[in-house]
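Engineer: Line order of the protein sequences matches chains A and B.
Counting from 5, one number per residue, gives the positions in the first sequence under our numbering.
Counting from 5, one number per residue, gives the positions in the second sequence under our numbering.
Please note that the accuracy of each hint is not assured.
[What the hints assert, rightly or not] The calculated lysine to any residue pairs, modelled on SDA-like cross-linking and capped at a C-alpha distance of 20 angstroms, are:
1) B:Lys41 with B:Gly110
2) B:Lys41 with A:Lys362
3) A:Lys41 with B:Val320
4) B:Lys41 with A:Ile324
5) B:Lys121 with B:Gly86
6) A:Lys41 with B:Thr36
7) B:Lys41 with A:Gly52
8) B:Lys41 with B:Thr21
9) B:Lys362 with B:Gly102
10) A:Lys41 with B:Ile324
11) A:Lys41 with B:Ser99
12) A:Lys41 with B:Val104
13) B:Lys121 with B:Ala152
14) B:Lys41 with A:Tyr305
15) A:Lys41 with B:Gln47
16) A:Lys362 with A:Glu229
17) B:Lys41 with A:Val320
18) B:Lys362 with B:Thr12
19) B:Lys362 with A:Tyr305
20) A:Lys41 with B:Lys362
21) B:Lys41 with A:Glu229
22) B:Lys41 with B:Arg270
23) B:Lys41 with B:Arg27
24) A:Lys41 with B:Lys121
25) B:Lys41 with A:Arg273
26) A:Lys41 with A:Glu25
27) A:Lys41 with B:Gly110
[To be verified] Here's a subset of chain B near chain A, in silico, CB distances under 10 angstroms, partners left out:
28) Val11
29) Lys41
30) Met43
31) Pro45
32) Ser49
33) Gly86
34) Ser112
35) Leu148
36) Tyr150
37) Leu258
38) Glu323
39) Ala327
Quick caveat, the hints were computed from the structure, so don't treat them as lab data.
Ideal Cβ placement from N, Cα and C applies to all residues, glycine included.
So the chains spell out like this:
Number of protein chains: 2
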Amino acid sequence: MLERDSVTSGRLGVIRTPHGEARTPLFMPVGTLATVKSMRPGQVSDLGFEMVLANAYHLWLRPGVDTVAGLGGLHRFMGWDGAVLTDSGGFQVFSLGGDVRVTEEGASFRSHLDGSKVFMSPDSSMEVQHGLGADIAMAFDECLPYPAERPRVESSVRLNLSWARRCLDAHHGGPQALFGIIQGGLHEDLRSRSAMETVALGFDGYGLGGLSVGEPREATLEMVELCCGIVPDSDPRYLMGVGDAIGIAEAVALGVDMFDCVLPTRLARNASALVGTGRINMRNAAFATDGGPLAWGCDCYACSRFTRAYIRHLVVSNEILGAHLLTTHNLRQVALLMEDLKRAVAEGRLEGFVRDLKNAERPQ
Amino acid sequence: MLERDSVTSGRLGVIRTPHGEARTPLFMPVGTLATVKSMRPGQVSDLGFEMVLANAYHLWLRPGVDTVAGLGGLHRFMGWDGAVLTDSGGFQVFSLGGDVRVTEEGASFRSHLDGSKVFMSPDSSMEVQHGLGADIAMAFDECLPYPAERPRVESSVRLNLSWARRCLDAHHGGPQALFGIIQGGLHEDLRSRSAMETVALGFDGYGLGGLSVGEPREATLEMVELCCGIVPDSDPRYLMGVGDAIGIAEAVALGVDMFDCVLPTRLARNASALVGTGRINMRNAAFATDGGPLAWGCDCYACSRFTRAYIRHLVVSNEILGAHLLTTHNLRQVALLMEDLKRAVAEGRLEGFVRDLKNAERPQ
């Protein structure tokens, strides 16, 4: 850890990977199918990102691990020189798969692509992530929906610890890091137990899973704080699936180092632009003749060259360039936030920064 | 005209516009709605293009001329620093409009967007193209389907000459050039008459219209040769809607200077890559593990960084990047062809170049 904020638990760090260093706190743009949608890989790094997330489940089903491995691994396949973290597939099995059946062995389910019956286990997930050549692999976990009954959460925590052990056993090691995932729903004792026992197994870092799945923000933050108190200072903490500005900032203040979320890129493809802590819908007729940029003060390619009117014209015409420009802008907004957060930590003023962010007015 | 080929009628030239010079023979990527689909404008110029085509009809309906004019004109609106030629809308009225009724006054029809009744005339087309701020405006013309009966073609030639006069009268002049359009179907005498009388009116250049609409290639070339014999050497000749490699090369050898076509960009969005004088369908399972580039020897971004396997993965997954990479490649292929053609003319070996191109084998 390079530096810590003097008041909050915010901290700066560096994650060293076989594909370069990634400074934390960091946000990973999501490249589910080995592409950050609509972006050239060089554009993603130019925006300020050093690590992207790809999805083991999706790539396992299509184009297949052997294909990617045969072409030199995920980095070469997708032309990305930076670091790659792969999601284990656990979340997708439970959110996308049909007829999911979980046993101690693993999860059997139907592919979201063609309905064929498939089976994924801690062992096969490790194989897949090894074959893809991820810099950071994630443990295969069961991710419960919210809300979930206590007995269900309890047995899931037990199952996940068993799977975590199997992931460690099956992990090839070498240059690939392996992160455990802390579950436990919103039950303090179960979350604590999951955190302590997962940490005791000794991973290279820890995902905070099963959060940001519909629960109130306060509850998320309580669980984040609890986990950050248990994961050793020296280990990266990764809050999975959080990507809104205030959510990221509050979690950074609690000691979280890593984030990923489809939000900025998905919003872009749905014609929404991130502006401050809010968003504007570019389909809105109010922007039809608006000669201003998406966001004043933004240095992104879209804001420095195009008007809201032009971007609205593109999105109402379903032009690909509209999705690309909005993706560029939204990702740059998140990159700028991460830079601001790093600066605030370095200068010991993270508390005020987060407060100001929460008090900021919604955009026009 | 800078140079001429010693054997064919091929020639090199420069078109000077308020937005820079454009060397001929040139190809204009089509940016119908003020965007070359999926491309940043800087990427289009980096590929080697100096002029793009936009569509007066489409932009008139959406976002509207006042909007574009109010934002500083088409170049600023779309962030394109090079030259822009606008299609008059004639072709689109007749191909996209519903219930088209043509009178001496103009064409009334239903908008392809919302079915509303609209009217376009030589005068209003000139207004629209002036408002958009095109470097080169095209005369508003009636474009007949192929095949068309002789009496129909005859009266259309007469109408187009009348409309051509009205375009000249309504044209604002100033820095904007105005090109007439030669019609006349495949009837030599009507084509000749259209060419001679349009030339007699005195435009800045001449479009060869109503060709490449389904007629045999030989017939196209006959009409092109006939027109090129009538249009003065000093004036640009623009073969509208031709974009295949052999079609372009043969027309250049007959003295054509300018081309536009949706082919390279539309093929890209339909997963086809231009390779040599043919194309390959990237959905083909044969490419699933193909580690080679789209085309050997191509210097484009897609070929220099990505495999066929990756691009196939993108297109079967409907990823935006797939359309973008294929568009980049296909446009680069056309740009390289135009460079090759210019070099062949300069070196007096165009005849052999065209012959070799026609004899080239289809790609694997």
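Engineer: Each hint should be assessed against the structure and marked as holding or not.
Structural biologist: Here is what the structure says about each hint:
A C-alpha spacing of about 30 angstroms is found between B:Lys41 and B:Gly110, which places the hinted pair above 20 angstroms, so the restraint is violated. Restraint check for B:Lys41 and A:Lys362: the C-alpha separation of about 39 angstroms exceeds 20 angstroms, so the hint is violated. Taking the CA atoms of A:Lys41 and B:Val320, the gap is about 14 angstroms. The hint holds against a cut of 20 angstroms. Between B:Lys41 and A:Ile324 the CA atoms are separated by roughly 6 angstroms; this keeps the pair inside 20 angstroms, and the hint holds.
Proximity of B:Lys121 to B:Gly86 is assessed by CA-CA distance (about 34 angstroms); at most 20 angstroms being required, the pair is judged violated. With a CA separation close to 24 angstroms, the supplied pair A:Lys41 and B:Thr36 exceeds the 20 angstroms bound. Distance check on the hinted pair: B:Lys41 and A:Gly52 sit about 26 angstroms apart at the alpha-carbon level, beyond 20 angstroms; violated. A hinted pair counts as satisfied when its Cα atoms are at most 20 angstroms apart, and B:Lys41 with B:Thr21 does not qualify at roughly 24 angstroms.
A C-alpha spacing of about 39 angstroms is found between B:Lys362 and B:Gly102, which places the hinted pair above 20 angstroms, so the restraint is violated. This hinted pair checks out: A:Lys41 and B:Ile324 have alpha carbons roughly 6 angstroms apart, not beyond 20 angstroms. A threshold of 20 angstroms between alpha carbons decides the hint, and for A:Lys41 with B:Ser99 the separation of about 34 angstroms lies outside it, so the pair is violated. Annotation: proposed proximity of A:Lys41 to B:Val104 is violated, straight-line Cα distance about 41 angstroms (limit 20 angstroms).
For the proposed pair B:Lys121 and B:Ala152, the alpha carbon gap of about 26 angstroms is over 20 angstroms, so the pair is violated. With a CA separation close to 17 angstroms, the supplied pair B:Lys41 and A:Tyr305 stays within the 20 angstroms bound. Between the alpha carbons of A:Lys41 and B:Gln47 the distance comes to roughly 18 angstroms, so the proposed pair stays at or under 20 angstroms and holds. This hinted pair checks out: A:Lys362 and A:Glu229 have alpha carbons roughly 18 angstroms apart, not beyond 20 angstroms.
Only pairs whose Cα atoms come within 20 angstroms are accepted, and B:Lys41 paired with A:Val320 is accepted, the gap being roughly 14 angstroms. With a C-alpha separation of about 16 angstroms, the suggested pair B:Lys362 and B:Thr12 falls inside the 20 angstroms cut-off, and the hint holds. Of the supplied pair hints, the one linking B:Lys362 and A:Tyr305 is violated, its CA atoms being roughly 42 angstroms apart against a limit of 20 angstroms. In summary, the hint linking A:Lys41 to B:Lys362 is not supported, as the alpha carbons are separated by about 39 angstroms, beyond the 20 angstroms threshold.
For a cut-off of 20 angstroms, the pair hint linking B:Lys41 to A:Glu229 is broken: about 47 angstroms separates their Cα positions. For the proposed pair B:Lys41 and B:Arg270, the alpha carbon gap of about 9 angstroms is at most 20 angstroms, so the pair holds. For the proposed pair B:Lys41 and B:Arg27, the alpha carbon gap of about 23 angstroms is over 20 angstroms, so the pair is violated. A C-alpha spacing of about 39 angstroms is found between A:Lys41 and B:Lys121, which places the hinted pair above 20 angstroms, so the restraint is violated.
Our distance criterion of 20 angstroms between C-alpha atoms is met by B:Lys41 and A:Arg273, whose separation comes to about 15 angstroms. Our distance criterion of 20 angstroms between C-alpha atoms is broken by A:Lys41 and A:Glu25, whose separation comes to about 23 angstroms. Between A:Lys41 and B:Gly110, the direct Cα distance comes to roughly 45 angstroms. Violation of the 20 angstroms bound is thereby established for this hinted pair. Interface restraint check: B:Val11 against chain A, minimum CB-CB distance 43 angstroms, threshold 10 angstroms, status violated.
At a threshold of 10 angstroms, the smallest CB-CB gap from B:Lys41 to chain A is about 6 angstroms, leaving the interface hint in force. The criterion of a C-beta within 10 angstroms of any C-beta in chain A is met by B:Met43, whose closest approach is roughly 7 angstroms, and the hint holds. About 8 angstroms separates the beta-carbon of B:Pro45 from the nearest beta-carbon of chain A, less than 10 angstroms, and the hint is met. Using the Cβ-Cβ criterion of 10 angstroms, the hint placing B:Ser49 at the interface with chain A is not satisfied: the shortest such distance is roughly 13 angstroms.
Interface hint at B:Gly86: violated, since its Cβ lies 14 angstroms from the closest Cβ of chain A, which is beyond the 10 angstroms cut-off. Hint status for B:Ser112 relative to chain A: violated, with the closest Cβ pair at about 24 angstroms, above 10 angstroms. Look at B:Leu148: its Cβ only gets to about 29 angstroms from chain A, farther than 10 angstroms, so that hint breaks. Hint on B:Tyr150 is violated. Least Cβ distance to chain A is approximately 29 angstroms, over the 10 angstroms limit.
The interface hint given for B:Leu258 is violated, since its Cβ lies 35 angstroms from the closest Cβ of chain A, which is over the 10 angstroms cut-off. A hinted interface residue such as B:Glu323 counts as satisfied when its beta carbon comes closer than 10 angstroms to some beta carbon of chain A; here the least separation is about 5 angstroms, so the hint holds. The criterion of a C-beta within 10 angstroms of any C-beta in chain A is met by B:Ala327, whose closest approach is roughly 6 angstroms, and the hint holds.
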